[in-house]
Amino acid sequence: MKADRFRGRLTALMLGGLGVIGIGVGHASMPDSGSTPPVKLNTTADHARFKELQREFKSGPEVTKACLICHTEAARQVHRTKHWTWEFVNPDTGQRLGKKTLVNNYCVSIRANYPFCTACHVGYGWQDKDFDFTSEQNVDCLVCHDTTGDYRKQPGLSGHPASEEREIPKGSGNIVKPVDLRKVAQKVGKTSRDTCGACHFFGGGGDGVKHGDLDSSLSAPDKPLDVHMDATGADFTCATCHATSSHDIPGSRYTPTAMDKKGAMVRGQTDKRNPATCQSCHGVTPHKVQARLNAHARKIACQTCHIPAMARGGVPTKMSWDWSTAGKRGPDGKPLVVKDEKGRVIYDAKKGDFVIAENVMPEYAWFNGHVTYTLVGDKLERTDGVIGINRIGGSPTDGKSRIWPFKVSRGAQPYDSVNMNLVTPHTAGDTPTAYWKHLDWAEAIETGMEDFGLPFSGKFDFVQTEMYWPLSHMVAPKEKAVGCAECHSRDGRLKDIKGVYLPRRDAAPWLDLLGWSAAALALLGVLLHGGLRIVRGWRE
Amino acid sequence: MKSRFAWTVAVAVLGATAMSAATAYEADWKRGRIYYRQVCTSCHNTEMKKPVSPSDRTKAEWGAYLQADKHLKGKEPVTRYFSKQYRDGIKASNAAAAKFADVPEKELLEDVKAFLNKGAKDGDSPASCS
Numbered sequence: 003m004k005a006d007r008f009r010g011r012l013t014a015l016m017l018g019g020l021g022v023i024g025i026g027v028g029h030a031s032m033p034d035s036g037s038t039p040p041v042k043l044n045t046t047a048d049h050a051r052f053k054e055l056q057r058e059f060k061s062g063p064e065v066t067k068a069c070l071i072c073h074t075e076a077a078r079q080v081h082r083t084k085h086w087t088w089e090f091v092n093p094d095t096g097q098r099l100g101k102k103t104l105v106n107n108y109c110v111s112i113r114a115n116y117p118f119c120t121a122c123h124v125g126y127g128w129q130d131k132d133f134d135f136t137s138e139q140n141v142d143c144l145v146c147h148d149t150t151g152d153y154r155k156q157p158g159l160s161g162h163p164a165s166e167e168r169e170i171p172k173g174s175g176n177i178v179k180p181v182d183l184r185k186v187a188q189k190v191g192k193t194s195r196d197t198c199g200a201c202h203f204f205g206g207g208g209d210g211v212k213h214g215d216l217d218s219s220l221s222a223p224d225k226p227l228d229v230h231m232d233a234t235g236a237d238f239t240c241a242t243c244h245a246t247s248s249h250d251i252p253g254s255r256y257t258p259t260a261m262d263k264k265g266a267m268v269r270g271q272t273d274k275r276n277p278a279t280c281q282s283c284h285g286v287t288p289h290k291v292q293a294r295l296n297a298h299a300r301k302i303a304c305q306t307c308h309i310p311a312m313a314r315g316g317v318p319t320k321m322s323w324d325w326s327t328a329g330k331r332g333p334d335g336k337p338l339v340v341k342d343e344k345g346r347v348i349y350d351a352k353k354g355d356f357v358i359a360e361n362v363m364p365e366y367a368w369f370n371g372h373v374t375y376t377l378v379g380d381k382l383e384r385t386d387g388v389i390g391i392n393r394i395g396g397s398p399t400d401g402k403s404r405i406w407p408f409k410v411s412r413g414a415q416p417y418d419s420v421n422m423n424l425v426t427p428h429t430a431g432d433t434p435t436a437y438w439k440h441l442d443w444a445e446a447i448e449t450g451m452e453d454f455g456l457p458f459s460g461k462f463d464f465v466q467t468e469m470y471w472p473l474s475h476m477v478a479p480k481e482k483a484v485g486c487a488e489c490h491s492r493d494g495r496l497k498d499i500k501g502v503y504l505p506r507r508d509a510a511p512w513l514d515l516l517g518w519s520a521a522a523l524a525l526l527g528v529l530l531h532g533g534l535r536i537v538r539g540w541r542e
Numbered sequence: 026m027k028s029r030f031a032w033t034v035a036v037a038v039l040g041a042t043a044m045s046a047a048t049a050y051e052a053d054w055k056r057g058r059i060y061y062r063q064v065c066t067s068c069h070n071t072e073m074k075k076p077v078s079p080s081d082r083t084k085a086e087w088g089a090y091l092q093a094d095k096h097l098k099g100k101e102p103v104t105r106y107f108s109k110q111y112r113d114g115i116k117a118s119n120a121a122a123a124k125f126a127d128v129p130e131k132e133l134l135e136d137v138k139a140f141l142n143k144g145a146k147d148g149d150s151p152a153s154c155s
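Top line first, the protein sequences correspond to chains A and B. Under the working numbering, the first residue of the first sequence carries the number 3, and numbering increases by one thereafter. Under the working numbering, the first residue of the second sequence carries the number 26, and numbering increases by one thereafter.
Among the hints, a few may not be true.
What the hints assert, rightly or not - Cross-link-like lysine to aspartate or glutamate pairs, in silico, DMTMM-like; alpha carbons within 20 Å at most:
#  : chain 1 : residue 1 : chain 2 : residue 2
1  : A       : Lys42     : B       : Asp147
2  : B       : Lys55     : A       : Glu343
3  : A       : Lys344    : B       : Asp81
4  : A       : Lys42     : B       : Asp149
5  : B       : Lys55     : A       : Asp48
6  : A       : Lys192    : A       : Asp134
7  : B       : Lys75     : A       : Asp48
8  : A       : Lys102    : A       : Glu343
9  : A       : Lys192    : B       : Glu51
10 : A       : Lys84     : A       : Asp250
11 : A       : Lys179    : B       : Glu132
None of these hints come from the bench; they were simulated from the model.
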């Protein structure tokens, strides 16, 4: 009996001991192997060990409350940022910008579309214009600090992740599972290309739609696609350049830095420079081997040569969106959808016609960083031309401009043809006036403008618009940069750029003839003279 | 007698559980994504002219495929492409193989499995090749 008991305990202890040895073996495969305990090298805190996070969470705000127990200032820091307010007053123009106010020529506006658009807000519950911007627990920590890749905020849920299984969009058959908030909260970490990209790669309603230089191919790019973000090389995250302080992320398309003359930033530098410029790392004379190229950098943005094309990662970008053709129905009476040969949507009754493209050469313009927007209340002087949703400043002579590459998105969008201003239609939602549900423009515009607090005459039409997006991502390595002859030729990339002399592009045939003739004559003279001297030397 | 038996079983289970937990590798789906895209997809693009997206198959289909360990219609094991030998062979021309040259084969396989699980048709984040 005693022997049995002894054998039983011995077996148990051996198994237990094996477990302990097993732990040792497991640790041995960790990066910091040896006799020291295992250590995570990518964070200073293993959040799974915090008791505040060792529980089930029914909603995002519950997680935030737990985060704020330790990170007491974080929410109020976020409250001060554009990512929270979606508002920005441009100090150069005084214009009140930000997603809360602006229109674009993609989905147009967030007005009366909040539950859908605010899937990309760093908060929870922004479902109408009365959202409480002072609430701390409505700040969404997880959307930026998730490392699992499982955290998703679905359109239509006002910035909340799905808390139960649901079909999104309704009738699509696409079942969205609830997010395991406990798991996500226990694995929070630094921001990544995936977290920033969850919104910025999908701007305009889909992958790569809006920016041209930002899409999901940058989540794990190779070197030719982006020399900085190369997942097997430098592996920059967004925050490597957009170096963040107190949750405020620098580098804005509302006030871009078109020319940075200050050179590389040194550690401890405290002036409020934009750290996301090329020069803040590379300085103002970055070309060490071909120093002649540094002279180019005085007039040409780095991006102009180093971003030879946009949408290079296999994801197309939307170059044009024509809302005026929306509303068509097929022979079956259902809203029409047309796809191209690759199965990509190029017409949708809810949205109109699209032009999508990959590997698109940018358009070029002098740019000094000043951007002025056409806002919803602004009077349109005329509608027979193209309205600039934004207009870029710059000239070859102002001393502040360089030649920049742009994506220019073009299209047609609705405006009030009596009051002569752009309008903000209510498109998304399961409401009686949502355009995507009923395909009725007048009702959709009326609802959207009511949310804005602006009148709508009831009459509308469509106006051609264009919008400039300076390119700064998808930076190619030098061997893939734009070649000399691509600009230095008559029909090159910079053929329409005024105010600068480009050898070969600006060559005058008669002047060339004159120059070459003079050179030939000089050579002939030298040969004759030399020949005569030789002949004379022989004779003597 | 019963309590002694319970004690014995408890210690044994605890030990076995600890062993299992200790040896469980926590897969890195992001590393798996890089390897899948820059090794698997890259080769499929070159050789087959048609890559396979994670979202082309369900989680169960990917699981069964990896479990069967057959590549090229059964002519070779798929695990061959995760071996250190294979990575050493292509690392001069493949940045991902070079970067992960020293990662244990089993870990790399788990990483790719985790990515495929996430990126499958019915995964949490259906993924394309790019």
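Checked hints:
Restraint check for Lys42(A) and Asp147(B): the C-alpha separation of about 31 Å exceeds 20 Å, so the hint is violated. Using a Cα cut-off of 20 Å, the hinted pair Lys55(B) and Glu343(A) is violated, with the two alpha carbons roughly 32 Å apart. Annotation: proposed proximity of Lys344(A) to Asp81(B) holds, straight-line Cα distance about 15 Å (limit 20 Å). Of the supplied pair hints, the one linking Lys42(A) and Asp149(B) is violated, its CA atoms being roughly 26 Å apart against a limit of 20 Å.
Annotation: proposed proximity of Lys55(B) to Asp48(A) holds, straight-line Cα distance about 19 Å (limit 20 Å). Restraint check: the Cα-Cα separation between Lys192(A) and Asp134(A) comes to about 27 Å, which exceeds 20 Å; the hinted pair is violated. Pair hint Lys75(B) plus Asp48(A) does not hold up; C-alpha atoms about 41 Å apart against a cutoff of 20 Å. A distance of roughly 37 Å separates the Cα atoms of Lys102(A) and Glu343(A); the hinted pair therefore is violated under the 20 Å criterion.
At most 20 Å may separate the alpha-carbon atoms for a hinted pair to count; Lys192(A) and Glu51(B) meet this at roughly 18 Å. Of the pairs offered as hints, the one joining Lys84(A) and Asp250(A) holds, with about 8 Å between alpha carbons and a cut-off of 20 Å not exceeded. The hinted pair formed by Lys179(A) and Glu132(B) fails the criterion: a straight-line CA distance of about 28 Å is larger than 20 Å.
Figure legend: structure checked against the earlier numbered hints; hints not met, in rising order: 1, 2, 4, 6, 7, 8, 11.
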